[in-house]
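Visitor: Here are the chains, one letter per residue:
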Amino acid sequence: EAQVTQNPRYLITVTGKKLTVTCSQNMNHEYMSWYRQDPGLGLRQIYYSMNVEVTDKGDVPEGYKVSRKEKRNFPLILESPSPNQTSLYFCASRPFSGVLSEQFFGPGTRLTVL
Amino acid sequence: AQTVTQSQPEMSVQEAETVTLSCTYDTSESNYYLFWYKQPPSRQMILVIRQEAYKQQNATENRFSVNFQKAAKSFSLKISDSQLGDTAMYFCAFMKPREGGANSKLTFGKGITLSVRP
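From first to last, the protein sequence lines stand for chains A and B. Position one of the first sequence corresponds to residue 1 (our numbering), numbered consecutively onward. Position one of the second sequence corresponds to residue 115 (our numbering), numbered consecutively onward.
Check before you lean on any hint, since a few could be wrong.
Below, in silico cross-link-like pairs of lysine-lysine (BS3-like), each with a Cα-Cα straight-line distance of 25 Å or less [said to hold, decoys possible]: (1) B:K187 / B:K169; (2) A:K18 / A:K57; (3) B:K224 / A:K57; (4) A:K57 / A:K17; (5) B:K224 / B:K192; (6) A:K57 / B:K210; (7) A:K57 / A:K69; (8) B:K210 / B:K184; (9) B:K210 / A:K71.
Hint data in this document are derived by calculation from the structure and do not stem from the laboratory.
Bound conformation, chain A alone (with noise of 0.2 Å):
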């Protein structure tokens, strides 16, 4: 089955203390990305990634850090954690060809920043 995965779904942590978000899709796709949702702001991009060891900053950088060493993955890293970063996270991918084919999102990662 064609799908983006993400793990944790749910996660509590401490401020300071690293965390990582994996997320992993098995339908090839170049391109993938991270957003944050959060009440009343919609959906922003985080990072993206238009292919192996390329990615660049989104709308909201700040306090995270992503790698993109194999296609599949695309990890969301926060090296100190803090509650301003509690919030939905989701990633997507989609491929390159194909002017307007559809992203194809996780079931998101509920991070919660205590």
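Let chain A serve as the given structure and place chain B on it in line with the hints.
Guide: Showing chain B alone in chain A's frame:
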């Protein structure tokens, strides 16, 4: 930069009735793509319908249709014969054409919570 505005935070509709969700956007681009996403309580993001700005014809997907007014920069979603399973948050989103290595970023509105009453 592009902006997407959904001014109605909540709406309610009776089952089997028709409801229209509003969305306006601002862009200087002449070609772009517009989407409506549904987010049910499971939080999964589900693509409902998409529209290419250069196409005059409004997109339709079964009970879902759009009213795309390019000059007015308006992109409303009409849900006909509303069903209980339509209860969800709905997001309007904008995407610029992907040129070369351009970012396929979706710019989302704030969302609208739709409740379908039995």
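Visitor: Decide, hint by hint, whether the structure agrees.
Guide: Going through the hints against the structure:
1. B:K187 / B:K169: holds, 14 Å
2. A:K18 / A:K57: holds, 20 Å
3. B:K224 / A:K57: Roughly 21 Å between the alpha carbons, so the hint for B:K224 and A:K57 holds.
4. A:K57 / A:K17: Holds. A:K57 to A:K17 sits at ~23 Å (cutoff 25 Å).
5. B:K224 / B:K192: holds, 18 Å
6. A:K57 / B:K210: Judged against 25 Å, a Cα distance of about 17 Å means the pair holds.
7. A:K57 / A:K69: holds, 17 Å
8. B:K210 / B:K184: It holds: about 15 Å lies between the C-alpha atoms, which stays within 25 Å.
9. B:K210 / A:K71: Status holds; Cα separation ~24 Å.
When the structure is compared with the earlier hints, no violation turns up for any of them.
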